[in-house]
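Model the full structure from these sequences, guided by the hints.
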Amino acid sequence: MGSILRAQEYFPKNDGVKTSNSNYTVFTNATIHTSPESEIQNGMLIIQKGKIAQVGSGLSIPKNSIVIDLKGKHIYASFIDPFTNFGIQKPKRQGNPFGGSPQYDATREGYYWNDHIRPETNPLHEFKYDKKKADEFIKAGFGTVNTHMPDGIIRGTGLLVALNNEGTEGDRLLSDASSQLLSFSKSNKSKQIYPTSLMGSMALLRQVYLDAKWYANNNVDYKDLSIEALNNNKSLPQIFEAGSRINGFRADKIGDEFNIQYIIVGGGDEYARIDKVKATNAKYIIPLDFPDAYDVSDPYMANLVSLGDMRHWNQAPSNPSVLQKNGVQFSLTTHKLKKIGDLSKRLEKALKHGLDKKTALAALTTIPAQILGKENVLGTLKKGAHANFLITSKELFSKDNIIYENWVQGHKNIVNDMNTTDITGSYELSVAGKTYDVSITGKPTKPKAEVKLGETKLGSKITYTNDWVTLTFTDADTSKTQYTRIVGAINKNPKFWTGKAVLPNGSETSFTAKQKPEEANEASKKKPEAAKEAPKVVSVTYPNIAYGNAALPKSENILFKNATVWTNESEGILKETDVLIKNGKIAAIGKNLNAGNAKVIDATGKHLTSGIVDEHSHIAAAAINEAGHNSTAEVTIEDVVSPDDINIYRNLAGGVTSIQILHGSANPIGGRSAIIKLKWGESAENLIYSNTPKFIKFALGENVKQSNWGDAERVRFPQTRMGVEQLYIDYFTRAKRYEQQKNSGKPYRKDIEMETLLEILNGKRFISCHSYVQSEINMLMKVAEKFNFRINTFTHILEGYKVADKMATHGVAGSTFSDWWAYKYEVNDAIPYNATIMHNQGVLVAINSDDGEMSRRLNQEAAKSVKYGGVSEEEAWKFVTLNPAKMLHIDDRVGSIKVGKDADVVLWTDHPLSIYAKAEKTLIEGATYFDLEKDKAMRRSIANERNELSTMLLQAKNSGLKTQPPKKKEKQHFHCDTVEHIH
Amino acid sequence: MKNLSYIFLLLIVAFGNVTAQQTPAKNQTEAITITGATAHIGNGEVITNSIIIFENGKITNVGTNGSIATKGKVIDATGKHVYPGFIAPNSTLGLVEIGAVRATDDDSEIGGFNPHIRSIIAYNAESKIVESMRPNGVLIAQTTPRGGWISGTSSIVQLDAWNWEDAAIKTDDGIHMNWPNPFTRGRWWLGEDPGFKPNKKYQEQVTTLTDFVTQAKATIKSKVGNENLPHLAMQRVFNGTQTLFVHVGTEKAILDVLRFAKEQQLQKVVIVGGDEAYKVASQLKQQNIPVLLTRTHSTPNYEDDDYDLPYKNAKLLVDAGVLVALQNSGQMERANARNLPFQAGTVAAHGLEKEKAVQLITGNSAKILGIDDMVGTLEIGKDATLFISIGDALDMRTNQLEKAFIQGRDVSLESHQTKLWKRYSGKYSR
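Protein sequence lines, in the order shown, are assigned to chains A and B. To convert a position in the first sequence, counted from 1, into the numbering used here, add 690. To convert a position in the second sequence, counted from 1, into the numbering used here, add 2.
One or more of the hints may lead you astray.
Quick partial rundown of chain A residues pointing at chain B, CB under 10 Å, derived from the structure [said to hold, decoys possible]:
(1) Asp959
(2) Gly1063
(3) Lys1554
(4) Val1556
Cβ pair distances, simulated, as ranges [unchecked claim]:
(5) Glu111/B x Phe1407/A: 47 to 55 Å
(6) Ser69/B x Arg1630/A: 45 to 53 Å
(7) Asn878/A x Glu167/B: 54 to 62 Å
(8) Gly1560/A x Gly74/B: 27 to 35 Å
Bear in mind the hints are in silico, worked out from the structure with no lab data behind them. In this text, a Cβ means the ideal position worked out from N, Cα and C, and glycines have one as well.
Listed below in structure tokens is the structure:
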């Protein structure tokens, strides 16, 4: 068939005369599905030179045609996989991840400063057509794949390759710039350390886009091949490997900022937040790697599997149908499947879970073609398109359908021989006077046989190739090892066939095989119809893990009757007082308030306070430290807020309603923080405070000078407290210079890091600085004063008590631990009286957690200020409510019980500073996010649902499905010195 | 030598302003009577208006105020509370001073089987962290080594002493074994899924541990060639004069420990950690094995767990009749050991009767550590290791000590921290 394909006409030929083949191949009488939406009955498909010449019905057949009759068969466009690394090896990671000092600079010259930005990559240099893999794709129905170098953040262009095993590279390569590929993962080709975090990857992407614009619009006096390539690739489809629903949102957010609509390679978990998936307006590329059932047969081990993971096992197969029902356009991909051949089973599962066949077909043909901008030549059967099509026995995706042939660029690949006569059935086999009962079952191309003599079952083996059947079977007398062999051709008549038989004694004779009439074996064929009810899919909750709510909590009008109310205002602590909550706000405080339509809660003997505010938290984040540079003002925790962290719920159970998720302390200038409300179940954006001033983390001392990071970490400036000061002076000086350039009206290169520092200098962004010893605390205040701004907050500030007077003069707040110390040298003089002394000196004081455990009982930590130094209870309570709210500039909304403020309140079973107090109800804006009674009910429903899903998992195992051992997902607890890893 | 003296000079410069620990108190010479306090006996009982007399370091009388004549110096503690000194089991107090400074770190020896390694040798009686325990009522600790399959031998110390020898109230009380974990974490740097999964080597590791024990038994039986120090160090565990503390957390592993204890005919076994002990409480009770429970102030291990599981965990065991006490190993365990009373308080907040919560850090701890003949309760004949708090000592607000006695000695409630407090408060009032 190779000869059908033309060598380029200008190629010289020295091994014979120059030939060409312009004959047609015509497929007749087929049902031709030209697209998922249209079909032609009794249609005709005419191909020539690897392309479709004509498609329709009643066409005239050119004379120079080979005609293939496909009566009863179907033709479809071959599938397209838009996201593979077919023929391209992912590079191996370089060396030992723990070995040697980190590499801060790029390896390459003439390219972007960061090695993980590689838009110039043309994977053609490393592409090797992989015939074995191609065969797997072809068997599964694919005719074209888009492949790329799966390495780096910007990965370069994609190659669109037709799976034409006979063609040349010139024939197969449909495009070497089919798309541009991106991800959040670093390149394995370089050990350059930046970025170390997801938020670093995100910031880097933004800066690259800005730099690309600057480079394109200005006469720069240097060459940056990466940026040039990026600018060249701008108009290509941009395919982003997000790998999970939430990373898809993160990618889409960056895209929106730069007017790029990424095509998102999803994670298969889109179903759990489908409204938000839809809102991206992105096209998706969806993998079908539904998780295998967890093996929960050992109950001790089964504990490892969370309800969330059990649910995902149960719900994931419904992902494609949920996408479809919500009108999200998506392509499917074999990406993440262990074997390409698993596609059909996964598809079958998705169809069982409600995926529509037409949508499935579109997701394998027209949508990927559109994604790649190739809808005119791929994905449908029309004139001029590549002759990439499937011949099938029945409709695609119907039961027992067989793909016979997969033609790619006019080249035939036989998947299952369609000329094979179906010989399945029951036969009377007569050999040498004996009559055997032979039953042939299974696939027509790969039949199985059972041979019986009377009631005795004989051992047998059948082969069936090229129309020849050979059958070997044992003698009825099992004491002897002897065989009868028969061989015969079917000649398209399975009803009656004959041939040669070789008897156990070696003598030859003939045999006849006569097919018994259908009804005779109807009874035996009739299997109990598999129960066809749709598989049970459990409901999604918000978030979709244990303790998620079936619907988001709604704001209610509530009257708390007769509580002890800690107002945090001049009214102080009011006994036997009512608080009315209306429309998410505190509406009234007083005695004997009228409930109106509000729900009344008897709070007699209980205490009502404003919700706890944690100035320093690291929960609910996918990343905490960007440790790759000494300044990372360009990164922001807002990019990586994780609304699905169970610690949100647990913090609510401790009465916490607002937190600041701070960047860690790996560098002197850290990242920007996220200030959020713990609205359990809401999306990341809906958690973040809007219209409030923003913050950034700075850090001092041992962490930023990497004192405890090991001897390899001695290459990054600064390594001393002396250096830390100079680093700040350097950055702020540069920021000033940047501002001059920006305000001069001349072109300037927009720099996210400098923009952030400028915000600080201009009072639009505030610093919360990790700090321990007095010298450095003093230093940073002096640096700020030199640049005419104030430090907003020192966090940790364990030696604040030594410079409390200076702090008060500077006007900086102190957010400290109640009693942590002795974990490193710089906290040797940390004392639990710190909060008290600072408070007594007029410093605004808070107690913070920096810890997902302690944050659950910050009320206890506040109470320690009563013990250590004798702060009044009323003031101590403000340390975890009003004062941190003031520090975060959110005290106009939260931090006290005052008419007009947000109804973020907690009802405590006891005096809130008492060890015996429990949060009974925690409300945010009038909606109840935690309730002791509801929590009890949830525990029961979690147990029930686990039990139900475990039964389903066991059923799956017992039905022979593949299983995986129980696993517990890594849920890292972050502290500010945690350096996480991205691969 | 020259370098050494240079370093010494630097140390003097660095720490010159700050004196060492508080001076240990003198022996009790005069009888002391505390009257009027609410006495929390430590065995679940409480006497609201009590009288407590101690002489020569021992409690000589306890009763209702008025029923017994006072003796010696009388302290009127009306409206206040008296508790037996709180006990911090399974602690590295005195073994490490500053977590991040390796030079101060003496808690973990190399090697897998170290029963011969003795914590008391490295116990720093002058640790600044040790003295910071006393103002919160923590007066006794089990100083315990870490690491390996068998970490070594612990000792029990009182927290006001000149040196380790004076500190020890029970030397070499137990050997600490770290049971293999049926779950293991994926190695992300090798590209593995970083979560937990079943540990394929679990059984092999259990066998390794069991083999050591059987080998040690064989060595001990033999008359010759028994110079194997690790093996010989196991002798007192086998004859029941020393406790085997098995550090283990998960349900299945605890059951394996119970089988191991039976098979090896071990007389004194204590589960340390035991996060999931509540799931096998009836078996623990049946085999009479107590639990030094994982810290109350921790987060649940599993996403699906009750948010308050660590808070109520001790109650679940108490309710099931298991002898249980609290311990505080884990992150920042030394500095935070002073919060032990509040951990007990948290258990009370989550349902346990208050006096039973007191037992979790007094009477029960003493029983489990085998020092209940000396300390743990306010009972006649026991050491006068006790303190007076102005209020409920399990609550932060009212845990304010007026006096603390160790073996009848009136110990200092000052520390490096209170000194700095006073010094800097003074700075601002000048």
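Check your understanding: Which hint numbers does the structure go against, in order from smallest to largest?
Key -> 1, 2, 5
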